[in-house]
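Residue numbers (my numbering), protein chains in the order written: chain C, 37 to 203; chain W, 37 to 203; chain Z, 37 to 203; chain L, 37 to 203.
Honestly, the hints are just simulated from the structure, not real lab data. Any given hint could turn out to be false.
In this list, chains with the same sequence are indistinguishable; a pair is considered to hold if it fits within one copy or across any two.
What the hints assert, rightly or not - Pairs of lysine to aspartate or glutamate residues, derived as EDC-like cross-links and limited to a Cα-Cα distance of at most 16 Å, are as follows:
1. K159 - D56
2. K119 - E45
3. K175 - D74
4. K89 - D74
5. K161 - E39
6. K90 - E171
7. K161 - E66
8. K119 - E39
9. K160 - E66
10. K89 - E45
11. K159 - E82
12. K175 - E83
13. K161 - E45
14. K160 - D74
15. K161 - D86
16. K161 - D63
17. K175 - D86
18. K159 - D118
19. K174 - E55
20. K94 - D74
21. K90 - D56
22. K113 - D74
23. K160 - E44
24. K173 - D128
There are 4 protein chains.
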Amino acid sequence: MEEFLQSEEYATHAIALLEDRGVSLEDIAECARYLQADYHVDLRTEELLDSVKKVISKREVQFAIMTAVELDRQAEKGTMVDKELENLVESDAPLYGTDEVLAYGICNLYGSIALTNFGFIDKKKYGVIDRLNREGKKKGICHTFLDDIVGAIAAAAASRFAHRWER
Amino acid sequence: MEEFLQSEEYATHAIALLEDRGVSLEDIAECARYLQADYHVDLRTEELLDSVKKVISKREVQFAIMTAVELDRQAEKGTMVDKELENLVESDAPLYGTDEVLAYGICNLYGSIALTNFGFIDKKKYGVIDRLNREGKKKGICHTFLDDIVGAIAAAAASRFAHRWER
Amino acid sequence: MEEFLQSEEYATHAIALLEDRGVSLEDIAECARYLQADYHVDLRTEELLDSVKKVISKREVQFAIMTAVELDRQAEKGTMVDKELENLVESDAPLYGTDEVLAYGICNLYGSIALTNFGFIDKKKYGVIDRLNREGKKKGICHTFLDDIVGAIAAAAASRFAHRWER
Amino acid sequence: MEEFLQSEEYATHAIALLEDRGVSLEDIAECARYLQADYHVDLRTEELLDSVKKVISKREVQFAIMTAVELDRQAEKGTMVDKELENLVESDAPLYGTDEVLAYGICNLYGSIALTNFGFIDKKKYGVIDRLNREGKKKGICHTFLDDIVGAIAAAAASRFAHRWER
């Protein structure tokens, strides 16, 4: 064992996990566009796609995606060892909070604007985040970690875009 | 020198600074109420006041308030040594970001819900935060740090309230 | 479902998980004492025990413990869905980093001194943290998340003690 | 007013501030080397210099340096409006903590390894950090913020180096 993938292979793996869970890079770029719309009215989703890809090219983001999807899947399948934890994750308990902790691990890499963006989109539940959140309430589907991770990637991509635009 | 105040004396000092800059504890409690309104429709501002006071009873919060007000005042009076910094703070440059870093130092003490609350109210600019933000655009007035600190205290107080309510 | 435990029940549950994984509250208190030893030479482990219990009485700490132990156990048993993630966690890959992200979720609640304490003890690997780290290298045993969580609780308890002592 | 510098101009400005306060980029690179020495015994200071420069090329790092130096200088000159704050900063009060909050704003941009590195070097006080710390105890000299900012840049540069090395 102990043979690790290359960083680009982890990126491919993480993107495949997102797609398997129903989230495309375009979905995330559209959330990032929404976050920037106040500042750039005419921005198109495609213009944010590159920032989304750059965010996902970071190792810590790839590992956060993998960990988040694993926890959602284990809760969904009912295969967690700790049934109290499974109950919390499966029902997206409002004070659980560990899902947001993982998300902040992504936002922090893109500075304070990314954190502010995340707080906003997490409350507004725009686009794919809203869809994930609603689907996750159905029996046998759990997106407790994923909706926060997607929000964090969008928040980070929007922050990255804002910083580059200023230059 | 090197004689420090007691923690309660710093609390009194920090509250006096806030009032001197035009912010009452009730103003902050009203922002905290707004953040909780989705979950508790009938909540009254007074019910959040105790949480606001508890947040300000923490030393790190007191020191963040003192540091924030100092930087605003120095920018306002034009007495900073570094005129590039003075320009950034005085004009509330959107990508400055250090004001939010100080604010996160407060939110972090109250967990991930406080961080999410902060991101939301920072974008919505509710109540006193909106007033500070508008006043700060006038010549000779600077609230670049203060509006974020006030948002952070409100976000922390709302998170504290939510955690206690659940018990 | 959706019947959650009371906060004290989660505390009992989290402490039982720690003990099941070979970590006593005294082990953690001894790490906290080590962190404070420069400032209080005569401090005894028992004096830190109350701080350790107070840290674990916080809901977000309980949930972090539960999540960390779950991920370690799944890696240990080889029951993760994502085998790339399992490989990373099982071998404690140095750049994985999500274990530290969870740990910082605990430290942040106790301010900047807790974060500094954590960085120090994480590198020094004192006491039970060293033991967990060495045991975790054996085949079939995984403490990738647990050693960081234990370090974070010790760091938080030491910070809490330092703040109270000053008063 | 409201004419901001370009990002490269802020970098030049921030580096000049560091040098004016007695810190060279080589001093910081040497701290970063120390942090990586366990993993790469033969590493030379020059090899870390590029990472230090890259860290300082980030806007949020430049602004943190500027804010930190301003607060140290105001405390040094005795020109703060708030004399309680001046006393805390001038005497580097151990529980002040806002200096570390600013430093974490830098570390967070480079992930969890940077945070761990910072905690370690902040306690060990290696190289220029030790010198700043000792000098800052003299009457009329204040490095309360600067030593943490320097530690954070070194911690971030070491983390950046570690991540690139693995690729």
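Hints violated by the structure (listed by number, smallest first): 1, 3, 4, 5, 6, 11, 12, 13, 15, 17, 18, 19, 20, 21, 22 and 23
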